[in-house]
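J.: Could you put the whole structure together from the sequences, leaning on the hints where they help?
Protein chains in written order, with our numbering: chain S, 1 to 95; chain C, 1001 to 1577.
Check the hints yourself; a few may be wrong.
Here are the simulated lysine to any residue pairs, SDA-like style, with alpha carbons at most 20 Å apart [said to hold, decoys possible]:
no.: 1; chain 1: C; residue 1: 1463; chain 2: S; residue 2: 45
no.: 2; chain 1: C; residue 1: 1502; chain 2: S; residue 2: 65
no.: 3; chain 1: C; residue 1: 1502; chain 2: S; residue 2: 77
no.: 4; chain 1: C; residue 1: 1502; chain 2: S; residue 2: 22
no.: 5; chain 1: C; residue 1: 1502; chain 2: S; residue 2: 47
no.: 6; chain 1: C; residue 1: 1502; chain 2: C; residue 2: 1486
no.: 7; chain 1: C; residue 1: 1551; chain 2: C; residue 2: 1510
no.: 8; chain 1: C; residue 1: 1502; chain 2: S; residue 2: 51
no.: 9; chain 1: C; residue 1: 1463; chain 2: S; residue 2: 23
no.: 10; chain 1: C; residue 1: 1502; chain 2: S; residue 2: 18
no.: 11; chain 1: C; residue 1: 1463; chain 2: S; residue 2: 48
no.: 12; chain 1: C; residue 1: 1502; chain 2: C; residue 2: 1524
no.: 13; chain 1: C; residue 1: 1546; chain 2: C; residue 2: 1476
no.: 14; chain 1: C; residue 1: 1546; chain 2: C; residue 2: 1459
no.: 15; chain 1: C; residue 1: 1463; chain 2: S; residue 2: 42
no.: 16; chain 1: C; residue 1: 1463; chain 2: C; residue 2: 1492
no.: 17; chain 1: C; residue 1: 1502; chain 2: S; residue 2: 62
no.: 18; chain 1: C; residue 1: 1502; chain 2: C; residue 2: 1447
no.: 19; chain 1: C; residue 1: 1502; chain 2: S; residue 2: 42
no.: 20; chain 1: C; residue 1: 1502; chain 2: S; residue 2: 45
no.: 21; chain 1: C; residue 1: 1502; chain 2: S; residue 2: 19
To give an idea of the interface, some chain S residues facing chain C are shown, with a C-beta separation under 7 Å as derived from the structure [to be verified]:
no.: 22; residue: 22
no.: 23; residue: 25
no.: 24; residue: 44
no.: 25; residue: 66
In case anyone wonders, no lab produced these hints; they're calculated from the structure.
Quick caveat, the model's predicted, so the values are computed rather than measured.
Cβ coordinates follow ideal geometry from the N, Cα and C atoms, glycine included.
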Amino acid sequence: MTTLSEDEVRDLLARLLAEIAPEVDLADADQDGQLQEELGLDSMDFLNLMIGIHRETGIEVPERDYPALSSVDGALRYLTARSGPGSVAGTGEPG
Amino acid sequence: MRPGTGGTPAAEVWRRAREAMDGLPAGGLNIAHEAVDRHLGTEREDRTAIRWRGRSGGREDLTYHDLAELTARFANVLEGLGVERGDAVFSLSGRVPLLYVSALGTLKHRAVFSPLFAAFGPDPVRTRVRLGRGRVLVTTQAQYRRKVADLVGDLPTLEHVLLVDVDREAAPRGTQSLPALLEEASSRYRIGPTAPEDRALLHFTSGTTGTPKGAIHVHEAVVAHHATGRSALDLHDGDVFWCTADPGWVTGTSYGIVSPLTHGATLVVDEGELDAERWFSILRDERVAVWYTAPTAVRMLMRAGADVLPRGPLEDLRFVASVGEPLHAEAVTWGSDALGTPIHDNWWQTETGGIMIANAPGQEIRPGSMGRPLPGVEAVVLAVDEDGAIRRDATGEPEVCAPDRTGELALRAGWPSMFRGYLDQEDRYQRCFVGGWYRSGDLVRQDADGYLWFVGRGDDVIKSAGHLIGPFEVERVLLEHPAVVEAGVIGVPDPVAGEVVKAFVSLAAGRAPDDALRRELLGHARSRLGPAVAPRTIAFDQDLPKTRSGKIMRRLLGEPEALERPDPHPATDGGPP
Chain S
1 MTTLSEDEVR DLLARLLAEI APEVDLADAD QDGQLQEELG LDSMDFLNLM
51 IGIHRETGIE VPERDYPALS SVDGALRYLT ARSGPGSVAG TGEPG
Chain C
1001 MRPGTGGTPA AEVWRRAREA MDGLPAGGLN IAHEAVDRHL GTEREDRTAI
1051 RWRGRSGGRE DLTYHDLAEL TARFANVLEG LGVERGDAVF SLSGRVPLLY
1101 VSALGTLKHR AVFSPLFAAF GPDPVRTRVR LGRGRVLVTT QAQYRRKVAD
1151 LVGDLPTLEH VLLVDVDREA APRGTQSLPA LLEEASSRYR IGPTAPEDRA
1201 LLHFTSGTTG TPKGAIHVHE AVVAHHATGR SALDLHDGDV FWCTADPGWV
1251 TGTSYGIVSP LTHGATLVVD EGELDAERWF SILRDERVAV WYTAPTAVRM
1301 LMRAGADVLP RGPLEDLRFV ASVGEPLHAE AVTWGSDALG TPIHDNWWQT
1351 ETGGIMIANA PGQEIRPGSM GRPLPGVEAV VLAVDEDGAI RRDATGEPEV
1401 CAPDRTGELA LRAGWPSMFR GYLDQEDRYQ RCFVGGWYRS GDLVRQDADG
1451 YLWFVGRGDD VIKSAGHLIG PFEVERVLLE HPAVVEAGVI GVPDPVAGEV
1501 VKAFVSLAAG RAPDDALRRE LLGHARSRLG PAVAPRTIAF DQDLPKTRSG
1551 KIMRRLLGEP EALERPDPHP ATDGGPP
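T.: Here it is, written out as structure tokens:
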């Protein structure tokens, strides 16, 4: 898997959110705030976001890692690390 | 329809249940007294009533003593605002302690509490506050800013907006700080005379057509909240109890507030959304004894896999129940393996106010079945003909189905938590009853041992994540978009939510059915309705199946037959709209 840059992850999130919740703008969210709260997403939306990430990148986010993706910044950190060299998609271990 | 007073076994059950109530010192029955004030002066006064866990790690414990004082202050705030007996107080907030204080304080003041789900968009909020003639809205800064501020001019009855998370100086124009008001108010309040038939709660539920229905519940409902807390959930004095439902839905009020408090339980309240690891840690760390949750949550926990399961047994967990939609057999078994106790499915509705049918404590569980009627509940399966009308026997009485035949679940009217009306819709209320039976609208069959099995809804109402969604409310918002000329909305099967909302739309001439428009419509629906009600997917169809009279036939939407239907106007359908 190629390493994803922060910009690429941000683009990915924006693209997926445009499908799931087209009314939101990622740029409106406080980057450190709770993504669901900031953008008005419910649990199903969040689950669909995780499914979309898996579909697009092969990274399967295990449920216990969901809290790590609860903010935009957290999701950027997590997904860039998970896509990085030496990481194995689906292990649940960032980096 | 009024509660039965006859000498039947059911009436005897409820007579005894009424005796378990404390009653107001001056006579009468008030939910807030039974849930809170009756514990004052007993060993329960200093027990934790509400144990709150914040989304980001905060904690707050309120004892019964604290809760009595805070709800007294809230009642005094309402008094000071000129709110009168029977006036409607709405809430639109996540699960924070002041939401619970507002609910019980409203009941103390004998006003009517109407909770709204925080994931509702501005449209459902406006519709419900208007219908309910809300005078007060308790909400948060963020909810106010996003959904309410622009609506205020459109809500002529709404006089007071109280924000739970702002201090006096920071309250936006047109709002007040609830913490500041509470601080100034007296902590002593004497509950006025409350008749058991006085209105207490207003819960909105969705029908197939028209506006949402405001189901009215009265203070006497507490008799059933208390009794069924024991008979269906095995609640005992001092139990730690966690109901995962939001108070925006009836489960989160009847069992997320009232029932456990009447039993002197400690109520766990989690502000966060579903998160498997967090939930298992709450079950373990808070030493939950009785847990009431929903199939959607159970399915999400099952998906989470073994690596987030609690390490070691949940030693304090004694009883687990689920409600909202049928719990599939695998989930019942998963409970035994993962939680150490099977999951007991039960059934009830907004209109019933409390659990009616259950896989009850101490009885055999039939996985996949909703269980059997609780003591005090008389249930039958009534025969229905093809257009949904109840069949009559030779004497004109409703015809009861033989075992294992599918019909409509009906309950003998008269239990204490039965709804007493749909607000301003008496006809619609009367249509719920036939020959002394309340018609549930759910199709079921009953096996020879009395266990009931859910078959489907008798109407087009969508059941997503355990919540009812009226297709009309969604279609109306889609039709307001200039590109849409026709819309039909249905539920489609979903492995997690049971059903999710799917919309089929026909476009105005000149509009291309492309991805950009699909996203635009999805965004339009979500910003108006909120994620809990809006469609998850939208399909374009320029030839929606209709009856001869032009009504969209929702049950044919999305079916292969609908795509290749040879006759768009089958003779069996039709009639006036």
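J.: Now tell me, hint by hint, if it's right for this structure.
T.: Each hint, compared with the structure:
At roughly 17 Å between alpha-carbon atoms, residue 1463 of chain C and residue 45 of chain S fall within 20 Å of each other, so this suggested pair holds. Restraint check: the Cα-Cα separation between residue 1502 of chain C and residue 65 of chain S comes to about 30 Å, which exceeds 20 Å; the hinted pair is violated. The hinted pair formed by residue 1502 of chain C and residue 77 of chain S fails the criterion: a straight-line CA distance of about 34 Å is larger than 20 Å. For the suggested pair residue 1502 of chain C and residue 22 of chain S, the alpha carbons sit about 16 Å apart, so the restraint of at most 20 Å is met.
Our distance criterion of 20 Å between C-alpha atoms is met by residue 1502 of chain C and residue 47 of chain S, whose separation comes to about 17 Å. Between residue 1502 of chain C and residue 1486 of chain C, the direct Cα distance comes to roughly 14 Å. Compliance with the 20 Å bound is thereby established for this hinted pair. Using a Cα cut-off of 20 Å, the hinted pair residue 1551 of chain C and residue 1510 of chain C is violated, with the two alpha carbons roughly 24 Å apart. Annotation: proposed proximity of residue 1502 of chain C to residue 51 of chain S holds, straight-line Cα distance about 19 Å (limit 20 Å).
With a C-alpha separation of about 24 Å, the suggested pair residue 1463 of chain C and residue 23 of chain S falls outside the 20 Å cut-off, and the hint is violated. At roughly 17 Å between alpha-carbon atoms, residue 1502 of chain C and residue 18 of chain S fall within 20 Å of each other, so this suggested pair holds. In summary, the hint linking residue 1463 of chain C to residue 48 of chain S is supported, as the alpha carbons are separated by about 19 Å, within the 20 Å threshold. About 14 Å separates the Cα atoms of residue 1502 of chain C and residue 1524 of chain C, which keeps this hinted pair within 20 Å; it holds.
Under the criterion of a C-alpha separation no larger than 20 Å, the hint pairing residue 1546 of chain C with residue 1476 of chain C is consistent with the structure, at around 17 Å. The straight-line distance between the Cα atoms of residue 1546 of chain C and residue 1459 of chain C is roughly 16 Å, inside the 20 Å bound, and the hint therefore holds. At most 20 Å may separate the alpha-carbon atoms for a hinted pair to count; residue 1463 of chain C and residue 42 of chain S meet this at roughly 16 Å. With a C-alpha separation of about 10 Å, the suggested pairing of residue 1463 of chain C with residue 1492 of chain C holds against the 20 Å cut-off.
In summary, the hint linking residue 1502 of chain C to residue 62 of chain S is not supported, as the alpha carbons are separated by about 28 Å, beyond the 20 Å threshold. A threshold of 20 Å between alpha carbons decides the hint, and for residue 1502 of chain C with residue 1447 of chain C the separation of about 33 Å lies outside it, so the pair is violated. The hinted pair formed by residue 1502 of chain C and residue 42 of chain S meets the criterion: a straight-line CA distance of about 17 Å does not exceed 20 Å. With a C-alpha separation of about 14 Å, the suggested pairing of residue 1502 of chain C with residue 45 of chain S holds against the 20 Å cut-off.
Of the supplied pair hints, the one linking residue 1502 of chain C and residue 19 of chain S holds, its CA atoms being roughly 14 Å apart against a limit of 20 Å. Look at residue 22 of chain S: its Cβ gets to within about 4 Å of chain C, closer than 7 Å, so that hint holds up. Given hint, residue 25 of chain S at the interface with chain C, is violated; its Cβ is 10 Å from that chain's nearest Cβ, farther than 7 Å. Proximity of residue 44 of chain S to chain C holds as hinted, the smallest CB-CB distance being about 6 Å (cut-off 7 Å).
At about 6 Å, the closest approach between the beta carbon of residue 66 of chain S and any beta carbon in chain C falls short of 7 Å, and the interface hint on this residue holds.
The structure fails hints 2, 3, 7, 9, 17, 18, 23 (numbered hints given earlier, in ascending order).
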